[in-house]
Amino acid sequence: MSTEARLVLAVTLMIGVIYGTSILFPPPPASETPAEAAPPAAPGLPDLGDSVAPRTGGLAAPAEGTDPVEPAAPPASVEEREIVVEGPLYSYALTTVGARLVSATLPSFDDLAHEGRPPVQLIPEGTSALGRRLVIGADTLDLSGLAFSTTADDRVELEEGGAPASVVFSWRNPAGDFAVEVAYTFDPASYLIGVDTRLTGVDRPLLLTSLGEGISYTEADSAQEARTMAYVTNRVDGGIRQQQLQKVEESTLENGPFLWTAIKSKYFVLGLLPGSGETETLAAGDRAVLGGLFITPREGSQRARVEGAIEADASGRIEYRVYVGPQEYSRMKALGDEFQEVNPYGWSVFRMIIRPFVGIIVAILHWAHTTLSIGYGWVLILFGFALRILLWPLNAKAMRAQIRNMAAQPLVKELQTRYKDDPKKMQEEMMKLYKEHGFNPVAGCLPMLLPWPVLIALFFVFQNAIELRGVSFWWLPDLSAKDPLFILPVLLALSMFLIQWITFRSMPDNNPQMKMMMWFMPIFLGVIFLNFPSGLNLYYASMNVATLPQQILIANERKKVKPLKPASASGGTGKKKKGGSARRKASAGD
Numbered sequence: 055m056s057t058e059a060r061l062v063l064a065v066t067l068m069i070g071v072i073y074g075t076s077i078l079f080p081p082p083p084a085s086e087t088p089a090e091a092a093p094p095a096a097p098g099l100p101d102l103g104d105s106v107a108p109r110t111g112g113l114a115a116p117a118e119g120t121d122p123v124e125p126a127a128p129p130a131s132v133e134e135r136e137i138v139v140e141g142p143l144y145s146y147a148l149t150t151v152g153a154r155l156v157s158a159t160l161p162s163f164d165d166l167a168h169e170g171r172p173p174v175q176l177i178p179e180g181t182s183a184l185g186r187r188l189v190i191g192a193d194t195l196d197l198s199g200l201a202f203s204t205t206a207d208d209r210v211e212l213e214e215g216g217a218p219a220s221v222v223f224s225w226r227n228p229a230g231d232f233a234v235e236v237a238y239t240f241d242p243a244s245y246l247i248g249v250d251t252r253l254t255g256v257d258r259p260l261l262l263t264s265l266g267e268g269i270s271y272t273e274a275d276s277a278q279e280a281r282t283m284a285y286v287t288n289r290v291d292g293g294i295r296q297q298q299l300q301k302v303e304e305s306t307l308e309n310g311p312f313l314w315t316a317i318k319s320k321y322f323v324l325g326l327l328p329g330s331g332e333t334e335t336l337a338a339g340d341r342a343v344l345g346g347l348f349i350t351p352r353e354g355s356q357r358a359r360v361e362g363a364i365e366a367d368a369s370g371r372i373e374y375r376v377y378v379g380p381q382e383y384s385r386m387k388a389l390g391d392e393f394q395e396v397n398p399y400g401w402s403v404f405r406m407i408i409r410p411f412v413g414i415i416v417a418i419l420h421w422a423h424t425t426l427s428i429g430y431g432w433v434l435i436l437f438g439f440a441l442r443i444l445l446w447p448l449n450a451k452a453m454r455a456q457i458r459n460m461a462a463q464p465l466v467k468e469l470q471t472r473y474k475d476d477p478k479k480m481q482e483e484m485m486k487l488y489k490e491h492g493f494n495p496v497a498g499c500l501p502m503l504l505p506w507p508v509l510i511a512l513f514f515v516f517q518n519a520i521e522l523r524g525v526s527f528w529w530l531p532d533l534s535a536k537d538p539l540f541i542l543p544v545l546l547a548l549s550m551f552l553i554q555w556i557t558f559r560s561m562p563d564n565n566p567q568m569k570m571m572m573w574f575m576p577i578f579l580g581v582i583f584l585n586f587p588s589g590l591n592l593y594y595a596s597m598n599v600a601t602l603p604q605q606i607l608i609a610n611e612r613k614k615v616k617p618l619k620p621a622s623a624s625g626g627t628g629k630k631k632k633g634g635s636a637r638r639k640a641s642a643g644d
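Just remember that the working numbering sits 54 ahead of the position in the sequence shown, which is counted from 1.
Please keep in mind that the hints were generated in silico from the structure rather than gathered at the bench. In this text, all values refer to a predicted model and were calculated from it rather than measured experimentally. It is possible that some hints are incorrect.
[Claimed, not checked] With beta-carbon atoms standing in for the labels, derived distance ranges:
#1 Thr424 / Arg371: 40 to 46 Å
#2 Thr424 / Glu304: 45 to 51 Å
#3 Glu211 / Gly429: 28 to 34 Å
#4 Trp528 / Ala440: 27 to 33 Å
#5 Asp250 / Lys451: 34 to 40 Å
#6 Arg226 / Pro531: 50 to 56 Å
#7 Thr239 / Leu548: 51 to 57 Å
#8 Ala440 / Gln567: 32 to 38 Å
#9 Glu136 / Thr424: 34 to 40 Å
[What the hints assert, rightly or not] With a cut-off of at most 30 Å between alpha-carbon atoms, the simulated DSS-like pairs for lysine-lysine come out as follows:
#10 Lys486 / Lys474
#11 Lys451 / Lys486
#12 Lys451 / Lys467
#13 Lys478 / Lys467
#14 Lys479 / Lys467
#15 Lys467 / Lys486
#16 Lys569 / Lys467
#17 Lys387 / Lys474
#18 Lys301 / Lys451
Each residue gets a CB set at the ideal place from its N, CA and C atoms; glycine is no exception.
With the sequences and hints as input, model every part of the structure.
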């Protein structure tokens with residue numbers, strides 16, 4: 055395969071990765087679930103009034119004329135109180151009204167969307183997460199506006215390396231036996247919150263737990279962040295699916311069961327994970343499973359509310375976990391059930407191929423940063439040079455195979471002319487030619503395809519790695535954002551042009567197609583990479599610069615090789631001898 059053909063193939067794959075996903079793999083339409091007949095309402099419940107709605111497919115459909123996105127307002131006499139749980143990794147705030155999560159601050163991450171870069175706050179202002187609705191027969195009770203009581207202090211501080219702490223909220227219906235108790239457990243070393251809900255006075259209710267309406271905008275490019283805001287599900291029978299929140303146009307019911315569901319932005323996530331996390335106990339029914347989802351769009355915005363449904367056990371207990379934090383690959387992978395795939399690398403066709411390399415690349419990225427004590431910018435440059443050194447033998451093999459193929463082209467053309475009317479004879483003579491002169495028409499391609507999964511994995515990791523978020527390097531304020539001066543895309547285009555120019559100058563024939571590619575492709579790719587993360591551009595530019603020495607060496611070898619002459623051009627004698635001599639010249643440096 056020629057140089058320009060390999061370049062076209064690389065560009066085609068890159069464009070396919072960037073633009074082809076939504077075209078080739080559109081999300082399947084949400085299924086509709088027929089309504090079920092519901093048993094009578096449980097005794098001891100307060101008067102629900104307009105909040106009563108029919109139970110549909112195990113989920114609570116909103117009542118006619120109500121807005122299920124807004125939590126029920128607390129009575130005027132209820133005094134709201136906030137409990138702040140502060141640990142080394144986070145500061146979470148819970149309210150006694152509905153026992154909801156109203157704030158989630160991550161001090162280790164800067165909010166890049168606001169001046170002064172305050173700590174990231176994941177819960178959008180005026181919204182909350184972990185609000186609850188209870189479905190009992192044909193009735194739906196909104197618990198998010200009830201006044202819960204707690205004995206916890208206003209501030210709960212967790213020390214690094216210390217024991218987990220719990221905050222318990224409770225509410226009892228004064229007119230009956232119905233009661234709710236919600237216990238939150240916080241670990242100072244984890245973003246994972248354990249939630250244990252106990253319901254009394256009702257029979258096997260269904261609990262709808264809200265993940266809120268999306269995550270706060272925390273990136274400098276809010277338009278791009280809005281495109282990445284989505285809810286993601288992982289079905290028990292396999293299959294991770296995501297849907298952009300801005301594309302949710304009507305209330306939707308999605309049937310499970312799901313291993314988990316989550317709302318995610320580009321770098322952060324709120325995930326609902328049922329049970330204890332032991333996947334092998336799922337078949338035995340030893341842990342709760344998300345029965346389905348209820349998604350409600352927020353009118354006039356690009357947000358939607360996502361609620362996960364979990365059925366209580368015979369004792370009225372519902373236990374699940376909530377992850378509120380960054381998309382750090384190692385942390386999320388440790389939770390099991392492929393939770394790290396909440397922001398999957400690559401599109402589905404290649405995901406199984408590149409997935410094994412993602413963890414290795416992330417681990418090396420961390421190791422180089424922590425062990426070598428160098429910044430992530432230098433780590434990316436190191437990646438570019440190290441990868442080029444590791445691929446040197448494969449690239450040399452591919453380029454020298456191309457030289458042999460190029461030297462044998464006159465012989466190939468002679469056979470094609472001589473046997474154009476006898477394809478079978480032409481094939482036989484071609485095989486003899488391959489064997490005699492030791493070249494293979496695909497030998498220049500195969501060595502380049504071997505590292506392809508690693509190269510694609512690197513593309514996605516460096517484009518989405520939270521480790522690069524907010525990290526400055528030289529003139530770059532943020533390696534996860536585009537280069538504000540566009541220096542790197544220009545350098546990338548210039549280095550690519552230089553590589554092509556060196557190759558073009560070493561070719562024996564002036565190929566007009568290759569000349570056109572030499573000018574067009576660097577400009578084309580430079581434009582494509584203008585708005586890519588500067589960290590990704592830094593890696594590619596470094597790899598191109600590291601390619602130049604090998605390109606110069608191979609170009610010098612290519613200049614020394616003379617094309618093999620057909621037998622007719624040498625008087626019909628000494629074909630094998632001359633061919634053998636030319637073969638040794640074409641193979642110089644192997």
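### Message
Can you confirm whether the C-alpha distance between Lys467 and Lys486 stays at or below 30 Å?
### Response
holds (14 Å)
### Query
So does Arg226 sit 50 to 56 Å from Pro531, Cβ to Cβ?
Given about 53 Å between the Cβ atoms, the range holds.
### Message
Hinted pair, alpha-carbon criterion (30 Å max): Lys301, Lys451. Please report holds or violated.
### Response
violated (48 Å)
### Query
Straight-line Cα separation of Lys451 and Lys467 no greater than 30 Å?
At roughly 24 Å apart (the allowed maximum being 30 Å), Lys467 and Lys451 satisfy the hint.
### Task
Compare the distance between the alpha carbons of Lys479 and Lys467 with 30 Å, and conclude whether the hinted pair is satisfied.
holds (14 Å)
### Message
So if I understand the rule, the pair passes when the alpha-carbon distance is 30 Å or less; does Lys451 with Lys486 pass?
### Response
holds (22 Å)
### Task
With 34 to 40 Å as the target window, see if Glu136 and Thr424 comply at their CB atoms.
At roughly 36 Å between Cβ atoms, Thr424 and Glu136 fall inside 34 to 40 Å, so the hint holds.
#### Entry: Glu304 and Thr424 - C-beta distance against the hinted 45 to 51 Å
With a Cβ separation near 47 Å, Thr424 and Glu304 satisfy 45 to 51 Å, so the hint holds.
#### Entry: Lys569 paired with Lys467 [C-alpha distance capped at 30 Å]
holds (22 Å)
### Query
Regarding Thr239 and Leu548, is the given constraint of 51 to 57 Å on their beta-carbon distance met?
holds (55 Å)
#### Entry: Pairwise hint evaluation, Lys474 against Lys486, where the allowed Cα distance is 30 Å at most
Roughly 17 Å between the alpha carbons, so the hint for Lys486 and Lys474 holds.
### Task
Given the range 40 to 46 Å, decide if the beta-carbon distance of Thr424 to Arg371 lies inside it.
The hinted range 40 to 46 Å holds for Thr424 and Arg371, with Cβ atoms some 42 Å apart.
Hint compliance for this structure: hints 4, 5, 17, 18 are broken, all remaining hints hold.
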